[in-house]
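Residue numbers (our numbering), protein chains in the order written: chain A, 633 to 930; chain B, 147 to 466.
Incorrect hints may appear among the rest.
[As the list claims (entries may be wrong)] Simulated restraints on C-beta separations:
(1) B/Asn298 with A/Pro850: 33 to 41 Å
(2) A/Val710 with B/Val452: 50 to 58 Å
(3) A/Gly820 with B/Arg336: 44 to 52 Å
(4) A/Ser751 with B/Arg336: 26 to 34 Å
(5) A/His770 with B/Leu231: 39 to 47 Å
(6) A/Arg924 with B/Val264: 34 to 42 Å
(7) A/Ser751 with B/Ala163: 49 to 57 Å
(8) A/Phe916 with B/Gly278: 13 to 21 Å
Derived from the structure by calculation, the hints contain no laboratory data. Remember, predicted model here, so these are calculated numbers, not experimental data. Note that beta-carbon positions come from the ideal geometry of N, C-alpha and C, so glycine has one too.
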Amino acid sequence: MSEFLQQLLNGISLGAIFALIALGYTMVYGVLRFINFAHCDVFMVGAYVGYFVGQHVPEHTWWGGLTALAVAMLVCAVLGVLIERFAYRPLRSAPTLNVLIAAIGVSLLLENLGQHFFSATPRPFPELFPVYSWEIPHTGLLLYSNQVLVIVFTVFLLFALRFIVMRTRIGIAMRALSLNRQAAALVGINNDLVIAATFALGSALAAAGGILYAVNYPSIDPLMGVMPGLKAFVAAVVGGIGSIPGAALGGLLLGVVETFVNGSEWSTYKDAIAFGLLILILIFRPAGLLGRNVREKV
Amino acid sequence: MAAPDRRISLHPALVLAGALLAAGLVSHFSDHYNPYYLDVALGAGINVILAVSLNLVNGYTGQFSLGHAGFMATGAYAAAAVTMLLGPSLLGADGGTPWQQNLLFLGALAAGGLAAAVAGLLVGLPSLRLRGDYLAIVTLGFGEIIRVILQNVDALGGAMGLNGIPAYTDLFWVLAVGALTVFVVQCLVRSTYGRGFLATHDDEIAAEAIGLRTTRYKIVAFVVGAFFAGVAGGLFGHLKQTISPSGFDFTKSIEIVVMVILGGMGNTLGVILAAILLTVLPEVLRPVAEYRMIAYSLLLVILMLVRPQGLFQFRRPGRP
Chain A
633 MSEFLQQLLN GISLGAIFAL IALGYTMVYG VLRFINFAHC DVFMVGAYVG
683 YFVGQHVPEH TWWGGLTALA VAMLVCAVLG VLIERFAYRP LRSAPTLNVL
733 IAAIGVSLLL ENLGQHFFSA TPRPFPELFP VYSWEIPHTG LLLYSNQVLV
783 IVFTVFLLFA LRFIVMRTRI GIAMRALSLN RQAAALVGIN NDLVIAATFA
833 LGSALAAAGG ILYAVNYPSI DPLMGVMPGL KAFVAAVVGG IGSIPGAALG
883 GLLLGVVETF VNGSEWSTYK DAIAFGLLIL ILIFRPAGLL GRNVREKV
Chain B
147 MAAPDRRISL HPALVLAGAL LAAGLVSHFS DHYNPYYLDV ALGAGINVIL
197 AVSLNLVNGY TGQFSLGHAG FMATGAYAAA AVTMLLGPSL LGADGGTPWQ
247 QNLLFLGALA AGGLAAAVAG LLVGLPSLRL RGDYLAIVTL GFGEIIRVIL
297 QNVDALGGAM GLNGIPAYTD LFWVLAVGAL TVFVVQCLVR STYGRGFLAT
347 HDDEIAAEAI GLRTTRYKIV AFVVGAFFAG VAGGLFGHLK QTISPSGFDF
397 TKSIEIVVMV ILGGMGNTLG VILAAILLTV LPEVLRPVAE YRMIAYSLLL
447 VILMLVRPQG LFQFRRPGRP
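Same shape as in the complex, but just chain B (with noise of 0.2 Å):
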């Protein structure tokens, strides 16, 4: 007989409840925070949504995307699109309540994380029959055409970017997408057609030899990491009231696989922790700027060398 599950489980909607709650709180406070902190915590908020998003891709699933920047790229887009196109018209001339902004709002999430699950279904279809390296370099050249083709068109401002989103996006926001990110991942990998994902990141020959059709496994784990990774590109547009085509190049996509990797590939905590530390430590290295990108590009490889598993990674990868 197998042994009872000790530990206090919770229904996972309640805690998504309860986190939601909190963020609410948190950011009725928000005034009374120092505006400085308050803005690095939005930008490790925003972080921490890509790289449980791509946790899904790159650690559940075991599939390496090295695109995850242009998904980011896409919502982005998408989200500023609906609220400069969209907002003048249905909120007036006044810019509306809070309440109708923040509506507003969520439709432009929504928009932006759509558009990049539907950027990752094109991406994902013809490139997820290939395996590991080649998959990187594959999903590393679709963020590059997402990039250059953005760059391209005019009505998007072209290699100019965007300027001028509202600035919607606040700590609720952040902490919100965050909670529902971890939400969704951790239910879905913990189902039983989660155990799906698992076995493709464990053995795909044998995944497939039991039946399991591992294609459609990845192509939903990218998806759904595209949706997140695009809904946090809306978030990150309307923070910085400015994209361009450029933030959202190939360093980007590495900087959320290093968090991937640092917190250890498929687990959650891990890599939420992994996120914070990497968007705090350039700000606290900021008095000896001239060497922290030395700093940082030394620890990368020190920490592969001497902490191949990720710096908080302590079971079986690959478990949740």
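In isolation and in its complexed conformation, chain A is listed as follows (with noise of 0.2 Å):
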């Protein structure tokens, strides 16, 4: 029962950090349509910031562990507007697959700079925040700072976004977007501006859930983006494309699944379970948990 408990816990800390990555992935995609596979990228880029930031701050420290943070969510929200600037905005009314390619070709070309600027080696990600951890009492539960740390900021950040994309104008104009791009210019939205503030909205995310991330799993390399951004695209999916709420559970759901079978003798299987659980709902309820299913019209 115990070992349920860690293992739940773990699962729901992971899937925490899916949750934030995949929900750069569904704000773009209901604005733009198109998968972001860059996305994974500036993940990495974020967790490589805060071990630059990490480098010139205490370890240990609140203070410290933040402004890495903020630092890493500033650097990745200028570098997603810039990457929606250079090589997305001329593309904009190119078929999707164009898109689609344009993308692998900045994921390809972040992932090789990576590779370039900071070596391909892994480095030991440092400790920013403080490290406690707790024994509850009577059920032998190990609860570490870290993963309270990733659930607290992954509820904090959701609520935000939730708080900026309902409430705000700049939220009114991204929902007016994902649901007719040319009448939300025509009532005067500007397409540019809005679709660019998307990009820094999810790059942020994106670079909280690559600290976040590297302060659970410390080793960090310029590859390391790309399976955690695949299964996030697998939780965005499953969640229903589009939906806020949705890429949250199903970053849950994915992976508090990962952990368990992670924990049992399927372990080698682990990569394959994203993707047999995306086969499985795409081919039930092909618009995901919570997205709506949208009829195409001639």
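Please dock the two separately framed chains into a single complex, following the hints provided.
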């Protein structure tokens, strides 16, 4: 029983990171209808920014950790906007396929630049935040502060995002764009600005995910984003792409399922589980768990 | 009255026979070629097979598949299993005559292709009801699942892969299979039946409205594409003599997709040129090895921005 709870806790904390990355995919998909393959590499850049800031702030302090988090989110927000401006905006009216290939190109570019500048060898990630662990009495359950940190931050960022999307002008504009881009332009919404803001928000969340991931799995390398990125995308589709609560739900589900598989005798099939789940969901509920089914009109 | 077609046309089967003959001639002298160039040429030929077969799915039928490497892996493993497990008992201890070896290799390639085609059918049936991006992700997922399964089958070497595959692949096999792939794909899309692929590509809803079963066309394209990917995998395994699951990951699939996109979707000649170009380019860039992957990815983005229809596409896409 206690092992079950322990695994559940580990799963939720891994799922929270998937959820953070999935949000970026789902937001970009909601507005532009394409898979931003470069998103997982923004996640990697976020972790590296955290690593370099970590060299200049003392370890095990709250302010040091929060500074690293804030700087990484800022840098990645700018990076996201730049990627959109130079790689995706010129292709705004091109077929989705071309944008997809451009995204794959940007993804490869970031990975190769990462390998060039940071070298391909994994680096140990500094312990940015204070580390505690608590044993919950009578259950034998061990609670690590880093896991709690991930969950608390993710919940906080989710609510912040929900507030931005539901209550602010820019959020309303984003929702308008995802309903109908042309109609939104007709009522005076600046498409370029809103899309840039979407990329900035999504990339900042990816950066936060990158640092929180690195804090829990403290070894970073330029290809670290690929697998979490793919899984987070799967999480976004499972939850219903374009839906923010869906991305959170999908991320949690995937994190928990993967952690349990990892703890069982099937652990070598861990990487296949995410895709198996995806295929099941798409066959039985193509719009995802919380997505709405949109009929294609002629 | 329609204008008569003034293009010189030969019977396709004649062209294929000519190509096979030429392949035999060219490979007859392969001992005299520089081994390095020969190696690059063999790699290019296998990439041509992969790209042309994927072009049937991605280009002509308009379905975005990101799992081609998975089918290649299936074929590579099935073919290697045939030559390594059945080979010794069929050929005897001395390894058999070259004719016997080639016959065995033909069987192995066919087995590889069939195994991949079956995998293609299994993958295609559930996923081809999906469209666009979803299909891309599901095929990517299936490709990864195939890789993870191969990694876990101990009889196939697990994560270490298979070693000591006999080196049966030579220039003749690569050129011949390449010619056959181009022949089958071209004849298929130019046939009356093949118009269905183009219709599915152009407008799925309209195609369904006039009574075409688009799902069936998609599955046929998928299975044929997977078959040739499997054969290419068999050639690849018997060329490198060692295969491992990690060599057939999602990066390999993307590499093949990039060849199709650069060549211009639904343009076989362009795709052939792009496959050759993308095999030779990394070799040419070898002196600046440190920057070649950066240059490659940058080139990809820039190409999409300035020439989204592909490098070698000069006509309307999707028309043979």
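Exercise. Determine which of the earlier numbered hints do not hold for this structure and return their numbers in increasing order.
Key: Hints 1, 2, 4 and 5 not satisfied by this model.
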